[in-house]
Amino acid sequence: MDFDRRSFLKASSSAIVGGMALSGTAAAGHLSVSDPAITTTDLNIREQPSTSASVKATADQWTGGHIVDGPTSADGYTWWKVSFNQDSDNGRITGWVAEGDAWLDGPTDFSYPCWGFITQTSAEDGGAIDIGNDYGTPLVAARDGTAYTGYGDRCGYYVSIDHGGGWTSIYCHMQERYVSDGQTVSEGQQIGEMGSTGNSTGPHVHFAIRYNGANQDIPGFDGQDLIAGSGIPKSYL
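In the numbering used here, the protein residues as written are 585 to 821.
Hints should not be assumed to be uniformly reliable.
[To be verified] Restraint-style ranges between C-beta atoms, simulated for each label pair:
no., residue 1, residue 2, range
1, N796, D673, 31 to 39 Å
2, Q632, Y735, 45 to 53 Å
3, D653, G786, 32 to 40 Å
4, G807, Y735, 24 to 32 Å
5, R738, R676, 24 to 32 Å
6, G660, D765, 44 to 52 Å
[What the hints assert, rightly or not] Mimicking DSS-like on lysine-lysine, the simulated pairs with C-alpha atoms at most 27 Å apart in a straight line are:
no., residue 1, residue 2
7, K818, K640
8, K818, K665
9, K640, K665
Treat the hints as calculated values from the structure; they're not laboratory data. For each residue, glycine too, the CB sits at the ideal point set by N, CA and C.
Make the full structure from the sequences, and use the hints.
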């Protein structure tokens, strides 16, 4: 598959954020395990939580990830183990990064709802994205809210989550739904399974974030490999 690699913004370098070591202390401590997060600068991903540990890769600025371990303190920094989405240079990768002065920030307003590859971008799909994977791939809530279910000729079986303040998220073409109308759900909670119901040619989720009924742009590039619960690099709320 030929990936349409988008250009990512580049930031200053250091041993943590790409070259010589910065002095620094832990940030405010607002992150926790399982949070969706993003990088706010190019950020080195290390084998272990230390400035002397080998660098596995450097995540691009605005790369989404999902925190899987931490925090731990070393060399004057707070470290988190993060599974990152594919970016312009790397495939999906997991390793330790320094929080620094919000170099790793979160939790984000919304998170991606499943593992899979973007098959249609927001620009191609009217503000929504399509993410493809196998039948039965777990779909999770992109943010806390109240779930509702339905069926449409185009959307097939779907779940809509009301996040309050005019914000909703939509998950179409589902094979199975694990929520009922009016049920309270939490970000990262499984709400169903990927399928191909409605107007669909194969297993995928049509995922939309809406404000007062209008689709809002969701970042991502063609073929991008995503992790369920990883941060969407955009401020919505």
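Hint check results:
Evaluation of the 31 to 39 Å hint for N796 and D673 yields a pass: the beta carbon distance comes to about 37 Å. Between Q632 and Y735 the C-beta distance comes to about 49 Å, which sits within the given range of 45 to 53 Å. Between D653 and G786, the C-beta spacing of about 35 Å keeps the proposed range 32 to 40 Å intact. The beta-carbon spacing between G807 and Y735, approximately 30 Å, falls within the hinted interval of 24 to 32 Å.
A hinted range of 24 to 32 Å holds for the C-beta pair R738 and R676, which are about 31 Å apart. For G660 and D765, the hinted distance range of 44 to 52 Å is satisfied, since their beta carbons lie about 50 Å from each other. For the proposed pair K818 and K640, the alpha carbon gap of about 26 Å is at most 27 Å, so the pair holds. At roughly 21 Å between alpha-carbon atoms, K818 and K665 fall within 27 Å of each other, so this suggested pair holds.
Simply put, K640 and K665 have alpha-carbon atoms about 13 Å apart, close enough for the 27 Å limit, and the pair holds.
Checked against the numbered hints given earlier, the structure satisfies every one of them.
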